[in-house]
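Using the hints, position chain B against chain A.
Single-letter residue listing:
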Amino acid sequence: MKPEKAKLVVDGLKEAGVDFTAGVPDAQFIQVYKMLEADPDIRYVGTANEAEAAGVGYGAWFGGKKPALILATSGLLVATYHLARINILHEVPLLVVIPYRGDIGDPRWMGLYKKTTEPGLNAMDIPYRVVSRSSDIVRTIKECNESARAWLRCIAVILNEEALW
Amino acid sequence: MVARLELIKALASIVPPEVLVVTSIGNNSYFWAELTDREATLYHSTLGMCTPAAFGLAMALPRRKVLALDSDGNLILNLGVLGTIANENPTNLTVLVMDNGNYLGSHKREAGMRTASGGKMKLEEVARGCGIASSHAVQDVAKFRERVQSALRTDGPHFIRAEVEALDLERPPKTKHVLDPRENKYQFAKYIERTEGVQILGGGLGNFG
Chain A
150 MKPEKAKLVV
160 DGLKEAGVDF
170 TAGVPDAQFI
180 QVYKMLEADP
190 DIRYVGTANE
200 AEAAGVGYGA
210 WFGGKKPALI
220 LATSGLLVAT
230 YHLARINILH
240 EVPLLVVIPY
250 RGDIGDPRWM
260 GLYKKTTEPG
270 LNAMDIPYRV
280 VSRSSDIVRT
290 IKECNESARA
300 WLRCIAVILN
310 EEALW
Chain B
3 MVARLELIKA
13 LASIVPPEVL
23 VVTSIGNNSY
33 FWAELTDREA
43 TLYHSTLGMC
53 TPAAFGLAMA
63 LPRRKVLALD
73 SDGNLILNLG
83 VLGTIANENP
93 TNLTVLVMDN
103 GNYLGSHKRE
113 AGMRTASGGK
123 MKLEEVARGC
133 GIASSHAVQD
143 VAKFRERVQS
153 ALRTDGPHFI
163 RAEVEALDLE
173 RPPKTKHVLD
183 PRENKYQFAK
193 YIERTEGVQI
203 LGGGLGNFG
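So the protein sequences, as listed, match chains A and B.
For what it's worth, the numbering used here labels the leading residue of the first sequence as 150, then goes sequentially.
For what it's worth, the numbering used here labels the leading residue of the second sequence as 3, then goes sequentially.
Keep in mind the hints are simulated off the structure, nothing from the lab.
Among these hints, one or two may not hold up.
No farther apart than 25 Å at their CA atoms in a straight line, the calculated lysine to any residue pairs in the SDA-like style are these [as the list claims (entries may be wrong)]:
1. A:K183 to B:N89
2. A:K151 to A:D255
3. A:K291 to A:T229
4. A:K291 to B:V200
5. B:K192 to A:R192
6. B:K178 to A:L238
7. A:K183 to B:E90
8. B:K192 to A:G166
Label pairs and their calculated CB-CB ranges [stated by the list, open to error]:
9. A:E240 to B:T156: 32 to 38 Å
10. B:Q151 to A:L261: 46 to 52 Å
11. A:E310 to B:E112: 52 to 58 Å
12. B:P175 to A:E240: 30 to 36 Å
13. B:A113 to A:W258: 44 to 50 Å
14. A:K163 to B:S152: 37 to 43 Å
15. A:P276 to B:E195: 24 to 30 Å
16. A:R288 to B:E127: 48 to 54 Å
17. B:Q201 to A:E186: 22 to 28 Å
Computed from a predicted structure; not experimentally measured.
Where is the CB? At the ideal position from N, CA and C, for every residue including glycine.
Chain A on its own, in the form it takes in the complex (with noise of 0.2 Å):
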């Protein structure tokens, strides 16, 4: 992802006023997760992996945080249980923002995230919008995360196609 596209992913989280980012690392991100862990306006906690990004974002939630989980689609994965857990059961609001490797366009071979990442948002109950184009990305995160905070759910933005190559 090119700076000034990451940087539309940054504005976009502080348009929606979230406060506190929780991940790990993902390749095509990296500008992203750079950004956000130099900004002085959004904490950013470097995980051990996305489950427990999950989990830390759910208490940052309680504390009166307005928290986002930057996720890769390998990453969705790992945080099934405890986003299914926290969006199903307990009905707390987490942002998740996600580079769609995997989508139709990825020049490499990852066409497996093709297979899980809508499917398991869908078999997580969580809604979903994907952005193709990078005119979209501030918009998009901020009401996505304005639906999160008032429905109590957990609300996945998706990038692809000219958003995020």
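Relative to chain A, chain B alone:
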């Protein structure tokens, strides 16, 4: 070796009511609910979520003491969190692990199956190796009280492993309705809002509010 119930009774008598307690699922939750009447409890953290949730809470509220009442099988599922805690260094966090060395020991009248800590793994040494300098193991009520009180009095992060019996043969009588996860969410969030002056709930009014 001591019964979980004895330690949770001791805990209930020494943890100040304003300390935020995050409990793992099973008898840590049920015994704590039976023996206390505190809004400052977040119950039912399963499969590795207890210590991460307590850690996230501690990061969000750095001036508030937070206690994770975790268990060995639960913590071992997300053991990497100990390294994360060491690096982030939340001075207000204490991780207390009831270690029965056993899966399902908290629920059944017969032994379950051994956890790694029921074998060679020493969780306090793992925590120390992860970088949590204040890491201890306790085997009796007196030492337990001393370590927990010290942890709540001083800057951490602290890690305490309490060796408990494999089975919870001593249990408190069931007299209470333990809050389900959603009831508990609202109660705990409202308590935090009231005592910390933060807004957690109350979205949904959009531009009309």
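*Tell me, which hint numbers fail for this structure?*
none
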